[in-house]
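There are 2 protein chains.
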Amino acid sequence: MRFDRHSPIGVFDSGVGGLTVLKALMERLPLESTVYLGDTARVPYGTKSGEVVTKYSLANADALLEYGVKVLVVACNTASAVALPALREALPIPVVGVIGPGAALAAQTTKSNKLAVIGTPGTIASGAYQQALAAVRGGLEVHAQACPLFVPLAEEGWTEGEVPALVAARYLSGGLLAEGVDTLVLGCTHYPLLAEVIQRVAGPTVTLVDSARAAADHVAEVLAERDLLERDAKTTEHHYLVTDTPARFIEVGARFLGKPIAGAKQIDLKLRG
Amino acid sequence: MRFDRHSPIGVFDSGVGGLTVLKALMERLPLESTVYLGDTARVPYGTKSGEVVTKYSLANADALLEYGVKVLVVACNTASAVALPALREALPIPVVGVIGPGAALAAQTTKSNKLAVIGTPGTIASGAYQQALAAVRGGLEVHAQACPLFVPLAEEGWTEGEVPALVAARYLSGGLLAEGVDTLVLGCTHYPLLAEVIQRVAGPTVTLVDSARAAADHVAEVLAERDLLERDAKTTEHHYLVTDTPARFIEVGARFLGKPIAGAKQIDLKLRG
Numbered sequence: 353m354r355f356d357r358h359s360p361i362g363v364f365d366s367g368v369g370g371l372t373v374l375k376a377l378m379e380r381l382p383l384e385s386t387v388y389l390g391d392t393a394r395v396p397y398g399t400k401s402g403e404v405v406t407k408y409s410l411a412n413a414d415a416l417l418e419y420g421v422k423v424l425v426v427a428c429n430t431a432s433a434v435a436l437p438a439l440r441e442a443l444p445i446p447v448v449g450v451i452g453p454g455a456a457l458a459a460q461t462t463k464s465n466k467l468a469v470i471g472t473p474g475t476i477a478s479g480a481y482q483q484a485l486a487a488v489r490g491g492l493e494v495h496a497q498a499c500p501l502f503v504p505l506a507e508e509g510w511t512e513g514e515v516p517a518l519v520a521a522r523y524l525s526g527g528l529l530a531e532g533v534d535t536l537v538l539g540c541t542h543y544p545l546l547a548e549v550i551q552r553v554a555g556p557t558v559t560l561v562d563s564a565r566a567a568a569d570h571v572a573e574v575l576a577e578r579d580l581l582e583r584d585a586k587t588t589e590h591h592y593l594v595t596d597t598p599a600r601f602i603e604v605g606a607r608f609l610g611k612p613i614a615g616a617k618q619i620d621l622k623l624r625g
Numbered sequence: 353m354r355f356d357r358h359s360p361i362g363v364f365d366s367g368v369g370g371l372t373v374l375k376a377l378m379e380r381l382p383l384e385s386t387v388y389l390g391d392t393a394r395v396p397y398g399t400k401s402g403e404v405v406t407k408y409s410l411a412n413a414d415a416l417l418e419y420g421v422k423v424l425v426v427a428c429n430t431a432s433a434v435a436l437p438a439l440r441e442a443l444p445i446p447v448v449g450v451i452g453p454g455a456a457l458a459a460q461t462t463k464s465n466k467l468a469v470i471g472t473p474g475t476i477a478s479g480a481y482q483q484a485l486a487a488v489r490g491g492l493e494v495h496a497q498a499c500p501l502f503v504p505l506a507e508e509g510w511t512e513g514e515v516p517a518l519v520a521a522r523y524l525s526g527g528l529l530a531e532g533v534d535t536l537v538l539g540c541t542h543y544p545l546l547a548e549v550i551q552r553v554a555g556p557t558v559t560l561v562d563s564a565r566a567a568a569d570h571v572a573e574v575l576a577e578r579d580l581l582e583r584d585a586k587t588t589e590h591h592y593l594v595t596d597t598p599a600r601f602i603e604v605g606a607r608f609l610g611k612p613i614a615g616a617k618q619i620d621l622k623l624r625g
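Note that the protein sequences, when read in sequence, are chains A and B.
Quick note: to get the working numbering, add 352 to the position in the first sequence (first position is 1).
Quick note: to get the working numbering, add 352 to the position in the second sequence (first position is 1).
If we strip away everything but chain A, and leave its shape as in the complex, we get (with noise of 0.2 Å):
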């Protein structure tokens, strides 16, 4: 399948959260193309393996290959942490993930070398934001924690009130925002939802880091290097797949995309092997 600067941008996330990703992409590079895949009758990943979350990214990568798109951005947390090896290897496209941004972004905003990553258990288990922080930078001082019951309060709607505080409280205390630590990562799609919450938890002298934005800015250097960047599209198109029924995609996904989804085809992934 060939490409060109009018071909669309290729995102894939175990579900909806990767639309926060995709709202970044839209905000940053508004005359692009998108096409997102969400493997909605896998979702989540966050508590899956390596191995089985690497099949899975493989096939949903080649189903937006049938696309014809000129990149491909791995918007979940989890797949970025294990399958991007696997993908730049078997992919004849980039492949940008979200984790080298965000870590990239975080060393840049922290003052006191202190830095804390919250993520699914998943991605905290691989360490992956642990390395790649420690290959921005060397000195940092970096906690983790995982918060499984983020992604089903954000997927609930429970974003305000006393139930996302009193989790976030139980998540964040006990030693992950040490003395000194100033940044804190958002190493999940969803958590965007739940900034509220965490800012107030976390205090004042916490700076949160969303991956998703820092995302975009390489998305784009990485198009314009190549120059593949969209500059006279005549129409910009955002196409919606899913391997589950749309219904549920669609209503939850608008709160993460912040406007209405009109439609989402139903595919099925075909896995390698």
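Worth double-checking, as some hints may not be accurate.
Copies of the same chain look alike in the list, so a pair counts if it fits in one copy or across any two.
Lysine to any residue pairs mimicking SDA-like chemistry, simulated, CA-CA at most 20 Å apart [stated by the list, open to error]:
no., residue 1, residue 2
1, LYS622, GLU403
2, LYS466, THR557
3, LYS375, VAL604
4, LYS617, GLY402
Don't read these hints as lab results, they were simulated from the structure.
Given the coordinates of chain A, assemble chain B onto it according to the supplied hints.
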């Protein structure tokens, strides 16, 4: 694949939750060997469509048939709600779900004829408990509520204290426990782990009904009718199969089974069509 009374009982679930049903089976039928399959690569089923859950259920059943099981127990409430007709049409062995037996026990339990059912969004939206209760006896008033956060709370091990109490209060207030409701059906295999918290919020006039024990009794009846009950086992074996890597299943599963799990074998499912 032939089977006789020495053949094992096959049980499947989307993950660890069905181990509460396996536990009830082991207590009710201690001579029987079992093969348990947790589809941990695709967990959870509760937020997925009936179409997708049915496809996964058939693949789970096919995998268990290869072990020569003499009866299939669908330990997952969501799969019991949507996939039983397809499973019964496709399989050469009896298929027992958890909803029919749970509804029958609930109808025997209530004195006021006013019941409440809680479960995953998939189970509640299917209306399966509501229909099964209506089929057992007319004139029952049934209230229903989806409680999506209960599953992650149980898996996280947050089964006591302030957070589960607040979450339970939020779900169970607002009409579910309307005047006169005296019976509450735990329509999800995870919920028995939260039974104490739920009982405290529901109050002493409400009796909790656990579908797992009711299903185990029904399996015993089905096997007895067909002269398939194990009476003189030389050995009793319990095998565990999973579709993702076994580590997390073994760790979290022990809490659901109430005893350690020695090991689990990872298999790939073959999806039909």
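These are the hints, each one checked on the structure:
In this homomeric assembly, LYS622 and GLU403 come within 20 Å of each other (Cα to Cα) both inside a single copy, at 16 Å, and across copies, at 17 Å. Only within a single protomer do LYS466 and THR557 lie at most 20 Å apart by alpha-carbon distance; the minimum there is 12 Å, versus 53 Å between protomers. Only within a single protomer do LYS375 and VAL604 lie at most 20 Å apart by alpha-carbon distance; the minimum there is 14 Å, versus 36 Å between protomers. Taking the shortest alpha-carbon separations for LYS617 and GLY402, only the inter-copy value of 17 Å comes in at or below 20 Å, while the best intra-copy value is 27 Å.
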